[in-house]
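Colleague: So you can see what is in the structure, the chains are spelled out below.
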Amino acid sequence: GENVEQHPSTLSVQEGDSAVIKCTYSDSASNYFPWYKQELGKGPQLIIDIRSNVGEKKDQRIAVTLNKTAKHFSLHITETQPEDSAVYFCAASMGYGGSQGNLIFGKGTKLSVKP
Amino acid sequence: KAGVTQTPRYLIKTRGQQVTLSCSPISGHRSVSWYQQTPGQGLQFLFEYFSETQRNKGNFPGRFSGRQFSNSRSEMNVSTLELGDSALYLCASSGIIQETQYFGPGTRLLVL
Chain A
13 GENVEQHPST LSVQEGDSAV IKCTYSDSAS NYFPWYKQEL GKGPQLIIDI
63 RSNVGEKKDQ RIAVTLNKTA KHFSLHITET QPEDSAVYFC AASMGYGGSQ
113 GNLIFGKGTK LSVKP
Chain B
123 KAGVTQTPRY LIKTRGQQVT LSCSPISGHR SVSWYQQTPG QGLQFLFEYF
173 SETQRNKGNF PGRFSGRQFS NSRSEMNVST LELGDSALYL CASSGIIQET
223 QYFGPGTRLL VL
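These protein sequences, in sequence, are chains A and B.
Residue 127, in my numbering, is where the first sequence stops; the numbers in between run on with no holes.
Residue 234, in my numbering, is where the second sequence stops; the numbers in between run on with no holes.
In isolation and in its complexed conformation, chain A is listed as follows (with noise of 0.2 angstroms):
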């Protein structure tokens, strides 16, 4: 079945760096993959999706990429604030707009944000 790496587990970066976490999948059927941000006491909540079709999005500082070829894709955060200090997730699914979309979640990265 599919598995997906996320690294690094932990990361740390100074008010207004860029922060950047990378995921690969094992499974080239999989063809949609977001990332979600969990905030203690918090469900996962949606920050940004990205499609097997469509190689980058970006919206505001977040952005996320995706190599098919290579099998992983990546969340890049820009002038990190302290609010962005939270545990972020990527997933990978197979079955965007089919009948197959239950998603696989990394480990998770805890990204801290230092003012």
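These are computed hints drawn from the structure, not numbers from a lab.
Cβ coordinates follow ideal geometry from the N, Cα and C atoms, glycine included.
Covered stretches of chain B (chain A as the covering partner; in silico rule of three or more C-beta atoms under 8 angstroms from a C-beta of chain A):
1. 163–170
2. 221–234
With a straight-line Cα cutoff of 25 angstroms, these simulated SDA-like cross-link-like pairs (lysine to any residue) come out:
3. A:70 with A:94
4. A:54 with B:149
5. B:179 with B:138
6. A:54 with B:182
Examples of chain A residues lying across from chain B (beta carbon under 7 angstroms, computed):
7. 54
8. 55
9. 56
10. 114
11. 117
12. 119
Once you have looked at the hints, place chain B on chain A.
Modeller: Chain B only, in chain A's frame:
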């Protein structure tokens, strides 16, 4: 629109008991998925329901079961609780099957 709601938010049970958790999806959403989150195993898929039918199931024992009602609300049940069932149980809803999933706040279950 109101988000996904889950009740109860916290629950303490003892080994051998059973528990039922409830999830109300975003209005208009018909697909509900359940996930278990633990520090050791991370986020793992339990099952997915669409129009009252289970469409997908993860690798969990038969003690874990669920159902969906005609109004799309869903419940999951865990019977004969074990210590290892202590976890945050998350529900996610999507508009049609296999679209973007939006998560609720979760139910934190502690088994003593």
